[in-house]
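Protein sequence lines, in the order shown, are assigned to chains G and W. Reminder that position 86 of the first sequence reads as 86 in my numbering, one-by-one numbering, no gaps. Reminder that position 36 of the second sequence reads as 36 in my numbering, one-by-one numbering, no gaps.
Just so you know, these hints were derived from the structure itself, not from any lab. Heads up, the beta-carbon is just placed ideally off N, CA and C, and yes, glycines get one too. A couple of the hints might just be wrong.
[What the hints assert, rightly or not] Simulated DEER-style distance windows between Cβ atoms: (1) W:Gln106 with G:Gly71: 32 to 42 Å; (2) G:Glu34 with W:Val240: 25 to 35 Å; (3) W:Arg116 with G:Gln110: 25 to 35 Å; (4) W:Val240 with G:Glu31: 11 to 21 Å; (5) W:Lys228 with G:Leu7: 55 to 65 Å.
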Amino acid sequence: GRAASRLRTMINNRLDPSAHYLLDDDEKKIEYKEDEKQTSCGVFTVNKEDHTFGNVTRIHLLMDKRVLFAGYRIPHPLYAIVKMKIRTTTETTPCKAMEDALTNASNELQHIADKFNEALRKYDNEKAAVAGSSEYADL
Amino acid sequence: ISRTSTSGLGTMDVERKRRKSHYTKRMPEVDVLEISKDFMKFELRKTDLATANALRRVMIAEVPTLAIEWVTIHSNSTVLHDQFLSHRLGLIPLESHRVNEFEYKQDCSCIDGCERCEVRYTLNVKNETEDVLDVTTKHLIPVDDRGGVPEPVHKHADDAILIVRLGKNQEIVLDAVAVKGIGKEHAKWIPVAVATFQIDPIIELNEDIMERLDEKQKQEFVNCCPRKVFAYHEERGITVAQPRNCVYCRECTLKTEDFNKVEDVEDLIAIEPSKDTFIFSIESTGCIEPKNIVLTALAVLKKKLDAIRSGVATIEQQYR
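The task is simple: from the sequences and hints, build the whole structure.
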């Protein structure tokens, strides 16, 4: 459990690799804190994530015209925490913008998967066509 | 308002289009360039560097495979000590194309291991000959003899992986247990030997300036490229023959400085990395087919984003 892994961390002076992708018992995957001073601004704290998630989400946030500011940082490389700061116009809220960005990113990935399958089929068909035509070349 | 539109957009579509004007959907394209048993090359267009890099990172670190995790050694009189041998066993690629039927060890409902979360192997070799005997992945046998159980990828004589060599009368007897895992936990679970992508170079050769060079200068220019990106033809002059060989060494740009008598020669060549075209090269270790590595990576990345999105939706409820 957690006590055993904490003891091992103290002895070996290194974190268990599962700390990079498995949530601790008391951790939540994602938390949100509104900014005290600026309007329509807030910071999402996502646990057990890295640049794979951070950069993709940031790009999709920046593609949204209603987003005024979007940036992510990883406070310390040893701990898998991504903080995403978002500020939007009053048309929407950071939460809604985050939700939309994640939806768009997810849809784009689905689109890439579909296109990839299509490309594989096309490649197979072309190869079959070439093989077929070379058969008849000798006739 | 009802309109009969000639453009093909009904009133509903116009409304929907207006609502989504804050975001322009991107339509990525894919073309497969090369594919074989262990290697594939494909082109991904109209997406950005972050998505391409995320795909690469997931292919390396988050696509699950099977690998040996626990080894119980009953007898070891080889020249390699126990941990050395166990380390080598962990790195052996195991057939993982059906790994999604398995459960992760921490998620499995069994107490002491079952067929849903582990695969057991045994290795039992004694050298009774006078010569050196090679213990290879051929000798690593699944305990479960039903068939259809994952085996080491390279198990046939010509491409079996060498585990240890036995001298006369040396023996090795051990049991090994393989589980499902990802590259983030340990490198033995990485399904690829290499997963890289190249950013497509955009090479623009100014034909007018090229005409101003004499034949010798044109030959010199073509020859200065260490990657043979350019070619020289008598009638056509310099052509960009193999743009994708470019490695941005800038030798050609530096070469234009030698032609200082020619007007505007520094604009002869312009090379820039594309912002949206990437050429992926995936080499698998053999545990999963390259095309399935890519598809699984896309699915894993999508699932990750969907899981976080549902978390955001819950937070959004509170702030409504």
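Taking the earlier hints as the rules, which of them does this structure contradict?
Checked against the structure, the hints that fail are numbers 2 and 4, while the rest are satisfied.
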